[in-house]
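A.B. asks: Residue numbers (our numbering), protein chains in the order written: chain A, 1016 to 1200; chain B, 681 to 853.
If you're looking for bench data, these hints aren't it; they were derived computationally from the structure.
Be aware that one or more of the hints could be misleading.
[Claimed, not checked] Reference listing, derived: stretches of chain B covered by chain A, where coverage requires no fewer than 3 residues with Cβ under 8 Å from a Cβ of chain A:
1) 780 to 788
2) 807 to 815
3) 834 to 846
Since the structure is predicted, the reported quantities are computational estimates derived from the model, not experimental observations.
Backbone N, C-alpha and C define an ideal beta-carbon position, used for all residues, glycine too.
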Amino acid sequence: MKTPWDDPELEAELRRLQPRRPSQMLAARVEQAVAAERRARRWRSGWLVLAAAAVLTAVLVPLTPGPSAPHPAELVDPRADGSPDPKVATAHSDGVRQGADEPSHPGETTLTRDTAFAGYTRLGEANYLYAAEDDGILFASSTTPLRRIRYQYLDTTDWRDEQAQAVVRVVVPREDVVLVPLHVY
Amino acid sequence: MAMTEGEQHNLEWRELLEEWGARLLLFARQQTPEPAEAEDLVQEALVRFWKARSRGAAFEPPLLFTLVRRIAIDRARQLHRRRVQQETLAAEAGVNREGWFDPPLEERERAACLEAALRGLPGEQREVVVLRVWGGLTFEQVGETLAISPHTAASRYRYALGHMRKTLNTVLA
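With the rest of the complex left out, here is chain B (with noise of 0.2 Å):
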């Protein structure tokens, strides 16, 4: 039986959420550490994508990233209000933020270790490491995506990796 328009236009959409959905969340709690705050953050870009696409832009990895991105930029002033107001009730009422992977049972604590290793980044170096590692982009296109040099995305993601590495042998001594 042939597929309505409506049918295989959602058809598409569970693909891309499929494939894409978890990595775009992460790169978008990296943007605010409301998770639902995040969710809007990834539900603007794929609808902008989508009108990207209808336009006859080609799939690109990158665009998508780069939507969320800018979306978080442009509601920057409200996202770090909200941001003060949210860790400052969370830290109130001792609330556990939600994880940001979903690690197999025998691993979580050392997957613990390595979030809050990841975690314990600066802002400009996390983002490069989940673009480079979950993203899957290269430093060239890391740094499209952010803004800066390749050069600047890999200086920054090996020094990620440095702090990371030192912060993991320390919690591990």
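Bound conformation, chain A alone (with noise of 0.2 Å):
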């Protein structure tokens, strides 16, 4: 039954018209916002599983101590008296390398990316690529249109604290994009 307030004319004739469309802008706009909200989700869930890595293996590491170990003085002083090496204190609390470049001297060390580091001995690196994106095609100046993906890696260093023979894992994100060439037939 009709009641007073029903009207199903103007309902029908409120149907027909079709609402404004949003503007192209609009779907870049979405779209753009979306990629950076997963590009972000990604380097954090990254970050998480890297970080959880590094926890367990300094919690893990020191409660099975390797028996080939050498003593933090070989590797820090390789002198034989023991006295002060200046190169290494200089490192130790600048906490970059320095005096590599110097001349050395017989019986001198000189601090290098593989050798001991303040009591930290390098173990290893390693990169993992975990993402590509392919961020789409690009019309440049030029006539040849390129294709621009976006590669995310997460560099990591393991370094062995000798006192406490615990690893630590550095880890470095790191952004590639690189663009390639589109030959159009």
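Taking the hints as your guide, dock the two standalone chains into a single complex.
C.D. replies: Quick look at the structure:
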């Protein structure tokens, strides 16, 4: 039964009206915002996994000390008399390699990436590619279109703290953007 | 040729915007008179919807409308300040408002009357009409979206149609 408030004709008329469509810009903006959010999420999850791995390593490794682990003194100061090495001290205080370019003298050590560093031994490095994203085709000023691909890596370096017998993993995120020319036939 | 993840993702977004973009925008226009601000609301709602969906939320149209409304409420103070400024400027400059609908040429006159009648409704009734007619929601879903009971939603809807009919009869008389 039709009540005084029912108005199917008006309803039908309203339904025929098409709402104005959003601008083309909105589609592009949404896609960009979602892509950015997706990248951020991958980034966060990658960090979370590696942080968990680093914590786990730092906890577990001291429980099982390696039998062949060299004594810290042998690594930091190779001189037999054990007197302080100014180069090692400098590197320790600054946190960077210094003095590597100076001429070396017999019996003196030079710090490199492969040698001991203030009680830490470099165990190894690895690069993990955890995301490769196709950003689509770019039309630059040249006539050749380019495909932009974004690679996301985590560069890790493992160090052993000889005194605590713990392994510390340093993780550095890196992003490479590669432009690949597309040949149009 | 297989699509990359990014291309697949973009396709999903285009489909979603194609189907829901205009309706969401119309609803967003009920929250703010400024078209660009309404598009911002839709953009943020879609991004939040994507986040919810990636956490396993099922696709339900009322969720999209609810998100638009929540974001509008969050921004209410900012929106109100801008609205006052924009309405003042528009009134001073005599600028025409951008229409809510895109009717075919032969129906423009009638569409303008309908839109004027719709604009003349109180905001709370207008929201219900938009969700019901163009959002395709049930009164229950309208109630959930606007945090009111289904009876209130139905009641507002009927009052709104009554007001609109009265306005149209006056205009056409």
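A.B. asks: So, for every hint listed, does it hold in this structure?
C.D. replies: A quick look at each hint next to the structure:
no. : hint       : verdict
1   : 780 to 788 : holds (count 5)
2   : 807 to 815 : holds (count 3)
3   : 834 to 846 : holds (count 6)
When held up to the earlier numbered hints, the structure conflicts with none and fits them all.
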